[in-house]
Amino acid sequence: MSNAIPFVNYLTLGDDPHLVAHECKSCSARFFDRRNACAGCSGTEFQSVDIPTQGEVRSFTIVAFAAPGIEVPFVSAIIDCGGTTVRGNIVNVEASPDHVKLGMPVKLTTFPIGKDEQGVEAINFGFEPAA
Amino acid sequence: MASEDVFILGIKMTKFGKHKELDTVDLATEATLAALADGGVTMKDMNIIAAGNLMGGAMPIAQVIQKACGQTGIPAYNVSNACATGATALRVVGMSIKAGESDFGLAVGVEKLAGAGLLAGGSRKSDGKEWERSGRYGAVAGVDGRIGTDTMPGVFAQIGMEYNHKYGGANFELFAEISRKNHSHSTLNPLAAYSKEMTLEQIMGDLMIAYPNTRPMCSANCDGAAAAVLVSGSKLKTLSQEQQRRAVKISASILTSDPYEEACQVLPNVNTLTRAAAKQAYEQAGVGPEDLDLVELHDCFATAELVHYDNLMLCEEGNAVDFFKSGATWRTGTTPVNVSGGLQSKGHPIAATGIANVWEVCHHLRGEAGPRQIEGAKVGLAHVIGLASACGIHILESNSA
Ligand SMILES: [Zn+2]
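Residue numbers (my numbering), protein chains in the order written: chain P, 3 to 133; chain S, -10 to 390.
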């Protein structure tokens, strides 16, 4: 996996791929983007926290029209991962309301999205139904 | 000294739809001159102008309007607040009157949007040479579509589905039924971009954009403008009986942005700021949701209308589905919602929307809405929300005894 990089900075690869959030040291608000300060309390000190890889579908949509280069239809979802809300696609499932349900348990999964000319593979994450 | 009351003296919207021959300036000028004429005043009477236009680049639309129909040297404010842009322009003018700086002011919103297609973030892809990180997530390619969706139909679909997860009872058919109501209402509105009755089967069977929103359940991209002339209460007293009778009181003018709470930066939370704005608006106006004779709310998608029944406290918390099923929001119901046809049929020229919905309410409060008049309407509410986020609410009251 040495020739692989995560699609976004908040995805950690390795044997146990998972998401990592910046957690505000004073109010515990969690963010996935680069932070200047906390939107909850304006605090400026953060620590890294691992986000559970199991979650529950709190909302979803099946997108049929998207920007060029995006395969449709795909399932976009809002996942509750043990109290932290995460956004991602639901993969390894038919993109149909008969197969994706509100409240459905899901787990994080990773997959390659392509290689650059140096042969480095970018790895993205999504969620798949948890049996 | 108590601050000034603020009234709408004149207000107009253009026909919404495709205006091939008219550009942004034409549309804005048409609405402006019509609003001035409606109020019985001219550009020379105005002490302030606030205007918005989102798709025309960095054009200072307020000055462009002045150059088109009257340069008088007054302060010009160019405002930008997503779908709340028109409401923001209105509020800027109202604040100036309340502050005692202006007797008269003009607010304008205009947009050329016909054929704009999908409004989305767009998804950048690598040139293939070497992965390069960019943006606040350090992504090596666009996240839209690869980590959830940024498309508006998708975002608002998730907002409606989240409400359904929390309270239950909604499904594809119920959301489509909300759209059927608005399309049915639009048949009485000659200024709507689309004014065709649609059956449930037609709506559900149309092109799926982002489940559960099909094409007719999405706001229509179109061209249009709306303008309003505002006046102070004390100045209004010096005007004609007719002007006073037709004036509409702005009983509440509220603008909020979204307060932080868990998840709001993952899926926009349109509920917190709308509920906060509604609460402040009812308090400022001294009226409650039960007093409203009609409501124009921001149905940018059918899924959005449902959650705003709740956010505007038109129903009890969690009860929006039953409230809709009761028929309350049809024009024959207890709380008619979007009798204009809403953004799904009337159209959504973004910066014009927050004044056009006020125009609709004023039209009824003045008793001038013709075949679609809500009989005896005295109090109405106009609501808009723009992502990122801004919520504008105006409560309007008839001035005729
Ligand atoms: Zn904090």
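For the record, the hints were derived by calculation from the structure and aren't laboratory data.
Mixed in with the good hints, there may be bad ones.
Claimed, not checked - The calculated lysine-lysine pairs, modelled on DSS-like cross-linking and capped at a C-alpha distance of 30 Å, are: (1) P/LYS117 to S/LYS118; (2) S/LYS56 to S/LYS314; (3) S/LYS118 to S/LYS33; (4) S/LYS56 to S/LYS7; (5) P/LYS103 to S/LYS155; (6) S/LYS314 to P/LYS103; (7) S/LYS118 to S/LYS155; (8) S/LYS367 to S/LYS238; (9) S/LYS56 to P/LYS109; (10) S/LYS314 to S/LYS33; (11) S/LYS33 to S/LYS4; (12) S/LYS268 to S/LYS367.
Said to hold, decoys possible - Chain S is nowhere near these chain P residues, computed Cβ spacing over 10 Å in every case: (13) GLY16; (14) ASP18; (15) PRO19; (16) LYS27; (17) ASP52; (18) THR63; (19) ASN91; (20) GLU96; (21) PRO99; (22) ILE115; (23) GLN120; (24) ASN126.
The model shown is predicted, which means the values in this text are computed figures rather than measured ones.
Don't be surprised by glycine CBs; every beta carbon is placed ideally from N, CA and C.
Going through the hints against the structure:
no.	hint	in the structure
1	P/LYS117 to S/LYS118	holds (9 Å)
2	S/LYS56 to S/LYS314	violated (50 Å)
3	S/LYS118 to S/LYS33	violated (60 Å)
4	S/LYS56 to S/LYS7	holds (24 Å)
5	P/LYS103 to S/LYS155	holds (13 Å)
6	S/LYS314 to P/LYS103	holds (23 Å)
7	S/LYS118 to S/LYS155	violated (46 Å)
8	S/LYS367 to S/LYS238	holds (10 Å)
9	S/LYS56 to P/LYS109	violated (59 Å)
10	S/LYS314 to S/LYS33	violated (50 Å)
11	S/LYS33 to S/LYS4	holds (26 Å)
12	S/LYS268 to S/LYS367	holds (20 Å)
13	GLY16	holds (17 Å)
14	ASP18	holds (20 Å)
15	PRO19	holds (14 Å)
16	LYS27	holds (16 Å)
17	ASP52	holds (17 Å)
18	THR63	violated (4 Å)
19	ASN91	violated (6 Å)
20	GLU96	holds (13 Å)
21	PRO99	violated (6 Å)
22	ILE115	violated (7 Å)
23	GLN120	violated (6 Å)
24	ASN126	violated (6 Å)
Hint compliance for this structure: hints 2, 3, 7, 9, 10, 18, 19, 21, 22, 23 and 24 are broken, all remaining hints hold.
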